[in-house]
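Please assemble the complex out of the two chains, which come individually in their own frames, going by the hints.
Which chain is which? The protein sequence lines are S and D, in order.
So the first sequence is numbered by our numbering: it starts at 8 and just counts up by one.
So the second sequence is numbered by our numbering: it starts at 80 and just counts up by one.
It is worth saying that the hints were derived from the structure and are not from the lab.
Keep in mind that a hint or two might mislead.
[Claimed, not checked] Label pairs and their calculated CB-CB ranges:
1. D:L206 x S:Q80: 23 to 29 Å
2. S:G263 x D:E170: 56 to 62 Å
3. D:E101 x S:E110: 33 to 39 Å
4. D:C119 x S:G340: 41 to 47 Å
[Unchecked claim] Below, in silico cross-link-like pairs of lysine-lysine (DSBU-like), each with a Cα-Cα straight-line distance of 30 Å or less:
5. D:K181 x S:K33
6. S:K109 x D:K181
7. D:K175 x S:K187
8. S:K62 x D:K157
9. S:K187 x D:K134
10. S:K85 x D:K177
11. S:K85 x D:K181
12. S:K187 x D:K163
13. S:K189 x D:K188
14. S:K189 x D:K173
15. S:K62 x D:K181
16. D:K173 x S:K129
17. S:K318 x D:K181
18. D:K181 x S:K189
19. D:K175 x S:K62
20. D:K157 x S:K187
21. S:K62 x D:K161
22. S:K187 x D:K161
23. S:K189 x D:K177
[As the list claims (entries may be wrong)] Computed, partial: chain S to chain D, Cβ under 7 Å:
24. I55
25. H56
26. N57
27. L61
28. E72
29. Q75
30. N155
31. G158
32. R319
33. S364
34. Y399
35. P402
36. E404
37. I406
Idealized CB from N, CA, C, for every residue including glycine.
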Amino acid sequence: MKSYKSDVVVIGAGAAGMAAAIEVKKAKLEVLIIERDQELGGITLQCIHNGFGLKEFQEELTGPEYAQRFINQVYEMKIPFLLETMVIEITKDRKIYAVNNKEGLIEVNAKSIILAMGCREKTRGAINIPGFRPAGIYTAGQAQRFVNIEGYLPGNTYVILGSGDIGMIMARRLTWEGCKVKAVVEILPYVSGLIRNQVQCLEDYEIPLITNYTVTKIHGKDRVKGVTISKVDRNFDRIIGSDKFFECDTLLLSVGLIPENELTLQAGAELSKNGGPLIDNNLETTIEGIFACGNVLQVHDLVDLVSAEAKRAGENAVSYVKERYGKETKRKGKIECIPGENVNYVKPDIINKEDLSKDIIFTLRVNFPDRRVLIQLKDEENNIIYNRKKVYVIPSEMIELNINLEKNGINPEFKSLTIEVIPRPEVLIEED
Amino acid sequence: MSESSQSVVRVIRCIVCPTGCEIQAKKDLTGKITFEGYTCNRGLEYAEQEFYEPKRILTTTMRVENGFLPLIPVRCDKPILKDKLKDVLNEIAKAKVKAPIKMGDILIKDVIGSGANIIASRDLPNL
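The shape of chain D in the complex, shown without the other chains (with noise of 0.2 Å):
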């Protein structure tokens, strides 16, 4: 196939390890995307997952009642969806949490329907 019935749609920069290849995603003129530029097979697996489907681990606060901070450390045990961040995030503002808590303790339920549970990341003794 020559160079020119291929398009680089998007170039993602692999986050594996420090070197950070570039990898190219292109498509060709039947719409088949390809990717180019990895060096190792992590690095194929990292750009796919980041093309078709990007998803991240959300760590954040959420206000807690009685507690002896005002907030506690707080984590997806799952990745969520990226275009997802911002509605777990408004979620989890809304939400209060009464200490004491002990790490791992899951404080919200399958978090907007994500799959993912919103969990403790520390304990937190009350006043």
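Same shape as in the complex, but just chain S (with noise of 0.2 Å):
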């Protein structure tokens, strides 16, 4: 068995696996990449349409713009990488099994790891709608490699399950294909990605959006007849008599993303909420040594915030290899972040004490959509140690905060801190 050692050691070559190895690269450490695709790139290539890199290169560029200009930086920073190679196991001493149809089977010893797998679609399975099990049947993620990367048409007539920014976006992308989208169906009573891709993907092409509906039955036992979809309760319960029949030859899934956590588990590092490993705010797992950013964290909205936390991993991974690495370190004790109201979940998911005088950046999602709130930490004694106004909150849009918990007079005695999303107290206008 061949054996490879580095320092660092991603896994993954998407967004945020090259923009750790960079990271990683600039300090002077070695680090290797190693990705299952044939190239380097991940699911940005995949994502033609414009809207990514606002934040990290202040312009608006295609997903494979962006994933091209990192390609790029990788190969002139000379970061080695090892492609077609899936990493079949993670250990809790950070060795790596892997496997590649040149080499077989490889072990790489690392001192430290950043997870940087990415995310996967729910499919059908994930959401049990009943019925045959025809051809015709795709996620969009599936259906947008095959119509932007491979060159096919998974069919000609389609209802799209879900109205997530990927389920609008291959709506738009399968009409300028010359297919037929009958409907967007979203089983919550708003659209789950952005309004402009409403506006932009559907409005434009007068594709219908229909919500509070959901997929109840697949129609046809070869190929997808069509689908029936019913008006749903607000527990989400079918309401009987309100079916209707698209007839179509394709159903696609944009139903939502889950966090790629087989090789996390495999490690052994514990789980969070939101479905990603649980982490400090260091975005480090509860295996030592071992980090994750992007999509296998957490799903992101925006591929730039990716970026972005994926150069905190690169950057906490160098400080594990320069200052713990085979040292006893003495930890302070930890405070835990709770979701509380109107939160969905909270990253990082424990804070260090020893961190407390460090600007500390969390993310959060909310469970449903409201205006005019008040973003508010508390600690155990329910006292306010930070708060911010926002006008709009929804669930499709994380949420960033950067706070300095010690300016902010935190007791570190205290091993919890709660985040809510409140109304805000709506102020009297004294009318004349």
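Right, dumping it as structure tokens:
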């Protein structure tokens, strides 16, 4: 078995992996990227629409252009990478086992590992749509790969379930390729993706958006012949008598993304409520020296934020290798971050008490849309240690806060803090 | 001016930020158009552009000969009038380009006389 070693090994060469590796290389440590696909770039290669890079490069790029800029840096900096190499196991002591068709099974010894494997799409199985199992049911991202990279159309007439951005962008993409998209169906009362995509991908092409409905039956035995959609009540239960039939040969599912956890779990790292690994404020998992960033940690809506998070993971892996690797370090204890009212999850899950004087980046998502809110951090005794106003919050938009807890007067003896998004108390306007 | 002398000719949903203001384009008896419902200047600019001359960035793929992949992602380097998108798409569908290609290479110059070029979105090596 061939054996490699590197100070830092990055798993995944997408937006997160490349940005993390570049940061490690800048610090003059050895870094190796392992990628299962045949080229560097990750998912943005198939996201051929524009809207990327406004934060990272201050200009609007397409997905492939965004990826290309990082790919070019990886080449310029001579960062080594292995392609078509699939990591099959990570151990607690940071050994990586991978396979490829040139070397067979390989072993890589790392001082630190950065997990950057991205996320997966939820499939039909994850949302339990009853009916036959004909050909013609795809996830939106799978269809995107067929259409944008491989040059195949998965069908002619479509119904898309889920109004996330990928689903809406695929509706326009397929229309441009001459297909007919009959409807985009959304179980929630509101669109899940950006308004921009609702306007430019659906309304521009008069594609109906049907909210409060979901697919309840798939027709066709060998190939999809149509779908039945039904209205749902507040508990998402089907309302009898509300069925509508749409004839189509393809059903696309754009029903959410989940972090790719197989390797994370195998390494023995704990997961948290959002579905990704549990991390501290340095993006370190519960396994020492193993960091996580990008969509494997939490599903982001902007790739720019993935790159920014990955840079932090890179920097923190560097500090780990230089300062903590192979040494016993005394830790001062932890503060747990608890999601409170209208907070679906918050990252980091824990804050190391020795880092209280540092600026900490919190990311969170709400459970439901709201207007005129206060985002608040409270300590164990309900003292408000931070608050910020926001005009509009929506689950599809990740909220990022940069807070220095020491400067905001946190009591370092406490063990937890709660973050909540609450309606702003109305100021009564006195009438004359 | 009283409310009744103005009629809403179009409602434009602003896409500049996630707030999504509904901006009404109103016409008075003289035919003059005014906008209402925007909450920032960028919103007004967007509504004016969208009302008088809606434009879009087009991103699609083009066939590749002898490439590492069968398609290359492409985009226009300037926004194109919304009602010309279909013609541009048809033009791109007819084209075929030879690998290797570099990001930014102009693949179709001044497509259908729109003033915009179709450029490559990535590098694509040959086989």
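Now the hints, each set against the structure:
Hint check: L206 of chain D to Q80 of chain S, Cβ distance near 25 Å, so the stated range 23 to 29 Å holds. The supplied range of 56 to 62 Å is broken by G263 of chain S and E170 of chain D, whose beta-carbon atoms lie about 37 Å from each other. Distance hint check for E101 of chain D and E110 of chain S: the Cβ-Cβ separation is about 59 Å, which falls outside the suggested range of 33 to 39 Å. Judged by the Cβ atoms, the range 41 to 47 Å given for C119 of chain D and G340 of chain S holds: they are separated by roughly 46 Å.
Pair hint K181 of chain D plus K33 of chain S holds up; C-alpha atoms about 26 Å apart against a cutoff of 30 Å. Restraint check for K109 of chain S and K181 of chain D: satisfied, since their Cα atoms lie roughly 29 Å apart, inside the 30 Å limit. At roughly 25 Å between alpha-carbon atoms, K175 of chain D and K187 of chain S fall within 30 Å of each other, so this suggested pair holds. Restraint check: the Cα-Cα separation between K62 of chain S and K157 of chain D comes to about 20 Å, which is no more than 30 Å; the hinted pair holds.
The straight-line distance between the Cα atoms of K187 of chain S and K134 of chain D is roughly 23 Å, inside the 30 Å bound, and the hint therefore holds. The hinted pair formed by K85 of chain S and K177 of chain D meets the criterion: a straight-line CA distance of about 28 Å does not exceed 30 Å. A distance of roughly 20 Å separates the Cα atoms of K85 of chain S and K181 of chain D; the hinted pair therefore holds under the 30 Å criterion. In summary, the hint linking K187 of chain S to K163 of chain D is supported, as the alpha carbons are separated by about 19 Å, within the 30 Å threshold.
Straight-line distance between C-alpha atoms of K189 of chain S and K188 of chain D comes to about 34 Å, which puts the hinted pair past the 30 Å bound. Restraint check: the Cα-Cα separation between K189 of chain S and K173 of chain D comes to about 26 Å, which is no more than 30 Å; the hinted pair holds. In summary, the hint linking K62 of chain S to K181 of chain D is supported, as the alpha carbons are separated by about 24 Å, within the 30 Å threshold. As the CA atoms of K173 of chain D and K129 of chain S are separated by approximately 36 Å, the hinted pair breaks the 30 Å bound.
Straight-line distance between C-alpha atoms of K318 of chain S and K181 of chain D comes to about 27 Å, which keeps the hinted pair within the 30 Å bound. Under the criterion of a C-alpha separation no larger than 30 Å, the hint pairing K181 of chain D with K189 of chain S is inconsistent with the structure, at around 37 Å. In summary, the hint linking K175 of chain D to K62 of chain S is not supported, as the alpha carbons are separated by about 34 Å, beyond the 30 Å threshold. Our distance criterion of 30 Å between C-alpha atoms is met by K157 of chain D and K187 of chain S, whose separation comes to about 27 Å.
Among the hinted pairs, K62 of chain S with K161 of chain D is consistent with the structure: their alpha-carbon atoms are about 26 Å apart, no more than 30 Å. Taking the CA atoms of K187 of chain S and K161 of chain D, the gap is about 19 Å. The hint holds against a cut of 30 Å. Taking the CA atoms of K189 of chain S and K177 of chain D, the gap is about 36 Å. The hint is violated against a cut of 30 Å. Interface restraint check: I55 of chain S against chain D, minimum CB-CB distance 4 Å, threshold 7 Å, status holds.
For the restraint placing H56 of chain S at the interface with chain D, the shortest Cβ-Cβ distance is roughly 5 Å, inside the 7 Å limit, so the hint holds. Given the 7 Å rule on beta carbons, the hint for N57 of chain S holds: about 5 Å separates it from the nearest Cβ of chain D. The closest approach between the C-beta of L61 of chain S and any C-beta of chain D is roughly 12 Å, which is over the 7 Å cut-off, so the hint fails. With its C-beta approaching chain D no nearer than about 5 Å, E72 of chain S sits inside the 7 Å limit, and its interface hint holds.
Taking 7 Å as the C-beta contact cut-off toward chain D, the hint placing Q75 of chain S at the interface holds, the least distance being around 5 Å. Proximity of N155 of chain S to chain D holds as hinted, the smallest CB-CB distance being about 6 Å (cut-off 7 Å). Annotation: interface hint on G158 of chain S holds; nearest CB of chain D at approximately 4 Å, less than 7 Å. Hint status for R319 of chain S: violated, given a least beta-carbon distance of 25 Å to chain D, over 7 Å.
For S364 of chain S, the interface hint is violated, the least distance from its beta-carbon to any beta-carbon of chain D being 33 Å, above 7 Å. Interface hint status for Y399 of chain S: upheld, as the beta-carbon distance to the closest one in chain D is roughly 5 Å, under 7 Å. Given hint, P402 of chain S at the interface with chain D, is violated; its Cβ is 11 Å from that chain's nearest Cβ, farther than 7 Å. Checking E404 of chain S against chain D by beta carbon gives a least distance of about 6 Å; that is within 7 Å, so the hint holds.
Because the smallest distance between the Cβ of I406 of chain S and any Cβ of chain D comes to about 11 Å, over 7 Å, the interface hint for this residue is violated.
The earlier numbered hints that this structure contradicts are 2, 3, 13, 16, 18, 19, 23, 27, 32, 33, 35 and 37.
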